[in-house]
Amino acid sequence: MEKKYMAEPYKIKMVEPIAVTTRAQREEAIQRAGYNTFLLDSDDVYIDLLTDSGTNAMSDNQWAGMMLGDEAYAGSKNFKNLKLAVQDLFGFKHVLPTHQGRGAENILSQIMIKKGDFVPGNMYFTTTRAHQELNGATFRDIIIDEAHDSTLE
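The opening residue of the sequence shown carries number 1 in this note's numbering; numbering runs sequentially from there.
Don't read these hints as lab results, they were simulated from the structure. Incorrect hints may have been included.
DSS-like mimics (lysine-lysine), calculated; alpha carbons at most 27 Å apart, straight line [as the list claims (entries may be wrong)]:
(1) Lys93 <-> Lys80
(2) Lys83 <-> Lys93
(3) Lys114 <-> Lys93
(4) Lys93 <-> Lys77
Construct the complete structure from the given sequences, taking the supplied hints into account.
Pasting the structure below:
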């Protein structure tokens, strides 16, 4: 017999209680938001698979790093430690940390895209398309029409 386990109803390390919603409640919330995940209230989201902006759990070492961090604009020991770790793991000579994925994505778009390029995509994320188009590319979403039909199973 297969056992079903629910995810724990809290975020680990910085404990934040969250509501355990039913499928019916989630369906009602997404309908109320017009099927736009950006319009959902945070309270209606049980597991956030959209947000990538550092809103989830951090380890005790990460919290300690925040308290002990050297936030100098130049010569920061935190940057030196990060740079050495990235170079050791990946062998890269140059390291350019960014605050989040969309910042890195825009830098890459500026470097890689030339005016007039066509960039194929598979169900774009809003900032991805914006960065590509702002940097001179024509974006082409090459998914099948059925991908836009939320009523299909």
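Going through the hints against the structure:
Among the hinted pairs, Lys93 with Lys80 is consistent with the structure: their alpha-carbon atoms are about 13 Å apart, no more than 27 Å. Of the supplied pair hints, the one linking Lys83 and Lys93 holds, its CA atoms being roughly 9 Å apart against a limit of 27 Å. Distance hint between Lys114 and Lys93 is fulfilled; the C-alpha atoms sit about 25 Å from each other, no more than 27 Å. Of the pairs offered as hints, the one joining Lys93 and Lys77 holds, with about 18 Å between alpha carbons and a cut-off of 27 Å not exceeded.
Going down the numbered hints, you'll see the structure goes against none, and every one checks out.
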